[in-house]
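Just so you know, the sequences run in chain order A and B. The first sequence begins at 1 in the numbering used here and counts up one residue at a time. The second sequence begins at 323 in the numbering used here and counts up one residue at a time.
Calculated from the structure, these hints are not laboratory results. It is possible that some hints are incorrect.
The following label-pair restraints were derived from C-beta to C-beta distances [said to hold, decoys possible]:
no., chain 1, residue 1, chain 2, residue 2, range
1, B, Gln607, A, Arg148, 46 to 54 Å
2, B, Val597, A, Glu92, 56 to 64 Å
3, A, Arg148, B, Gln395, 51 to 59 Å
4, B, Gln607, A, Asp294, 38 to 46 Å
5, A, Pro82, B, Glu458, 54 to 62 Å
6, B, Val597, A, Arg44, 37 to 45 Å
7, B, Glu458, A, Arg64, 50 to 58 Å
8, A, Asp294, B, Asp616, 25 to 33 Å
9, B, Arg470, A, Ala258, 21 to 29 Å
10, B, Ala356, A, Arg44, 51 to 59 Å
11, B, Ala507, A, Ala258, 27 to 35 Å
12, A, Asp294, B, Glu458, 28 to 36 Å
13, B, Gly358, A, Ala268, 45 to 53 Å
14, A, Ser140, B, Gly382, 55 to 63 Å
Okay, the calculated bits of chain A under chain B, using three or more residues with CB under 8 Å as the criterion [as the list claims (entries may be wrong)]:
no., segment
15, 81 to 90
16, 287 to 297
If you want a taste of the chain A side facing chain B, the calculated C-beta under 10 Å gives, among others [what the hints assert, rightly or not]:
no., residue
17, Ala46
18, Gly280
19, His281
Glycine included, every Cβ here is placed at the ideal spot set by N, Cα and C.
Protein chains: 2
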Amino acid sequence: MCQPIRVSAESTAPPVCVLGLGLIGGSVLRAAVAAGRTAWGWNRSAAAVDGARADGFDAGTDLRAALVRAAEQDAIVVVAVPEPALDAVLTEVAAHAPGCTLTDVVSVKGSVLAAVRRHGLAAHFAGGHPMAGTAESGWSAGDTDLFRGAVWVVAAEDDTDPGAWTGVARLALDCGSVVVPAGAAEHDAAVARISHLPHLLAEALAVTAASGGDLALALAAGSYRDGTRVAGTAPALVRAMCEANAQALAVALDEALALLTDARRALASTGSTEVLVEAGHRARQRHDTLGRWDITDVAVGAPGWAEALRDAGRRGGAVRAL
Amino acid sequence: MCQPIRVSAESTAPPVCVLGLGLIGGSVLRAAVAAGRTAWGWNRSAAAVDGARADGFDAGTDLRAALVRAAEQDAIVVVAVPEPALDAVLTEVAAHAPGCTLTDVVSVKGSVLAAVRRHGLAAHFAGGHPMAGTAESGWSAGDTDLFRGAVWVVAAEDDTDPGAWTGVARLALDCGSVVVPAGAAEHDAAVARISHLPHLLAEALAVTAASGGDLALALAAGSYRDGTRVAGTAPALVRAMCEANAQALAVALDEALALLTDARRALASTGSTEVLVEAGHRARQRHDTLGRWDITDVAVGAPGWAEALRDAGRRGGAVRAL
């Protein structure tokens with residue numbers, strides 16, 4: 001487990017078993033097939049399966065059969081079901097494919113890792129989170145190229161199996177993403193700021209705008225549309241990710257509330273918005289000019305590899321090739 | 323002044339004198355010329371004038387000359403300078419072209435109307451606000467089609483001259499916009515909600531995300547990018563519009579703060595985000611399904627015409643033809 005991974009030229013990429021064929025899972029299935037992998041999918045409802053089959057993909061509603069096949073073919077199992085369905089699916093994974101490399105594409109990594117540990121599946125698990133999505137959902141919203149050029153976080157804990165990490169990272173690279181390594185907790189703190197907080201602000205903006213009546217909504221243009229776009233996401237999806245990350249989200253929300261409360265106070269006292277507006281502009285520029293550098297000096301499996309990867313991720317590094 | 327306007331078939335559209343050749347003014351000059359109008363522009367700095375001339379437009383840095391010509395040719399004068407330059411420009415308008423139809427494209431209508439009244443220019447004035455823009459600024463950012471399909475508010479107060487209102491509305495229609503009538507105060511209350519509040523929320527989101535360090539910024543994807551896009555706007559422009567509308571913005575900001583504070587409380591007590599997320603989704607859907615209907619039954623200049631137009635605007639009506 002602590003040897004550097006060596007990949008021979010003749011290694012073939014393992015098959016992929018995708019559990020859940022919504023926007024993300026359906027896009028993983030498409031991208032894996034496009035990358036030349038053998039891949040099949042499972043979905044609880046027949047509608048997504050019918051859609052996938054109609055589009056020429058291998059899919060079914062029999063979870064046990066999908067997992068037995070995964071165990072036989074030593075496939076990577078990708079859990080792509082909504083958070084509330086996680087426990088039921090992991091129970092089946094533990095029963096039928098406990099030895100497979102396991103990953104997930106659920107947005108919050110701490111709660112998934114805890115569930116995976118509860119089900120005794122941590123030995124071959126490396127959590128994942130592709131930072132891609134649209135306001136749409138379901139099989140039909142999926143896209144082979146959804147992950148192209150996107151960041152795909154592959155979580156590296158101190159006890160993560162290097163073979164599992166490499167297998168999951170390679171799948172992410174095959175889907176066209178760059179891989180950012182991070183620990184589950186620091187990932188969750190980060191996405192609270194850049195993904196879950198934006199959803200709450202968008203909802204609040206949508207409500208405040210609508211309180212202005214039809215005149216306000218008729219005048220709404222670019223800043224409203226961009227600022228409220230993610231309020232178009234299905235409430236169940238927004239709630240699932242925000243509520244699974246409640247603690248980290250509360251920290252981010254408190255920071256935003258403090259900034260806005262200070263701005264409100266300044267507006268009333270001096271009439272100025274300078275402090276917030278200047279800071280916001282600088283912050284957005286920092287994002288826009290952020291360089292991403294390639295992590296090439298970490299041998300996965302060598303002593304301290306996971307912390308070395310996480311440290312590189314914190315400093316803006318990403319893996320583009322393995 | 324209280325007669326309905328009748329337009330004969332042979333009427334020719336008046337020339338247009340644009341004061342200020344930034345993003346909006348520069349786009350008005352381009353669009354007016356594209357619509358077949360005679361049009362010329364003035365800008366204080368030579369850079370924008372050089373840019374406009376290089377692109378084949380009639381422009382200069384002599385404000386007096388531009389206004390004398392406007393008076394001679396009975397042009398519509400369009401004030402497109404930033405809020406802080408308003409008083410200086412209106413002083414020159416009052417000196418050289420006090421009889422011209424006057425409008426503006428500054429975002430806050432109450433303060434412009436007050437300034438116009440102070441300069442004794444209200445008799446031929448109808449304020450305007452095209453709801454279009456980008457995060458860019460300056461002559462080079464302008465676009466002939468910036469206003470195509472956009473809403474252009476033309477303010478109708480009880481004492482607005484119907485000839486001025488019609489002249490300004492016709493220019494907006496010529497630029498490809500639909501005209502939404504509104505009073506200055508209700509316009510300002512509406513844009514606080516759909517334009518100025520989005521800027522403050524975007525700035526707060528940008529700052530909170532950057533507090534998460536390079537890892538958070540590296541993971542930032544669609545919801546961050548859309549939610550912070552307008553934080554890329556030059557701080558001076560954001561401050562000018564927010565601070566000129568401080569009172570209405572404070573009302574909108576208080577509403578947003580109350581929603582977010584309630585959500586924070588629910589997150590801590592029940593862990594649920596249901597109330598805000600469901601309300602936000604409904605509000606955004608209301609915007610997306612809002613029908614815009616054509617105002618065709620108001621004779622501009624007939625008794626009560628301004629209130630009739632404003633009332634129609636409040637109910638989602640717009641003028642598409644005159």
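Hints and how they fare:
1. At roughly 30 Å, the beta-carbon separation of Gln607/B and Arg148/A lies outside the given 46 to 54 Å, and the hint is violated.
2. For Val597/B paired with Glu92/A, a C-beta distance near 34 Å fails the hint of 56 to 64 Å.
3. Roughly 55 Å separates the CB atoms of Arg148/A and Gln395/B, a value that falls within the hinted 51 to 59 Å.
4. For the pair Gln607/B and Asp294/A, the beta carbons lie near 43 Å from each other, so the given range of 38 to 46 Å is met.
5. The beta-carbon spacing between Pro82/A and Glu458/B, approximately 40 Å, falls outside the hinted interval of 54 to 62 Å.
6. Checked against the hint of 37 to 45 Å, the pair Val597/B and Arg44/A fails, with Cβ atoms roughly 29 Å apart.
7. Range check, Glu458/B to Arg64/A: about 56 Å between beta-carbon atoms, so the 50 to 58 Å window is met.
8. Remark: the range hint 25 to 33 Å for Asp294/A to Asp616/B is contradicted by a beta-carbon distance near 57 Å.
9. A hinted range of 21 to 29 Å for the beta carbons of Arg470/B and Ala258/A is inconsistent with their spacing of about 41 Å.
10. For the pair Ala356/B and Arg44/A, the beta carbons lie near 55 Å from each other, so the given range of 51 to 59 Å is met.
11. For the hinted restraint 27 to 35 Å between Ala507/B and Ala258/A, the CB-CB distance of approximately 31 Å keeps it satisfied.
12. Between Asp294/A and Glu458/B the beta carbons are some 32 Å apart, a value that agrees with the proposed interval 28 to 36 Å.
13. Between Gly358/B and Ala268/A, the C-beta spacing of about 48 Å keeps the proposed range 45 to 53 Å intact.
14. As the Cβ distance of Ser140/A to Gly382/B is approximately 56 Å, the hint placing it in 55 to 63 Å holds.
15. For the segment 81 to 90 of chain A, the stated coverage by chain B is not satisfied: 0 residues place a CB nearer than 8 Å to a CB of that chain, which falls below the threshold of 3.
16. Figure legend: the segment 287 to 297 of chain A, annotated as covered by chain B; annotation consistent (4 residues with Cβ-Cβ distances under 8 Å, at least 3 required).
17. Against a cut-off of 10 Å between C-beta atoms, the interface hint on Ala46/A is violated, since the closest Cβ of chain B lies about 27 Å away.
18. For Gly280/A, the shortest C-beta to C-beta distance to chain B is roughly 3 Å, which falls under 10 Å, so the interface hint holds.
19. For His281/A, the suggested interface contact is upheld, since its CB lies about 5 Å from the closest CB of chain B, less than 10 Å.
The earlier numbered hints that this structure contradicts are 1, 2, 5, 6, 8, 9, 15, 17.
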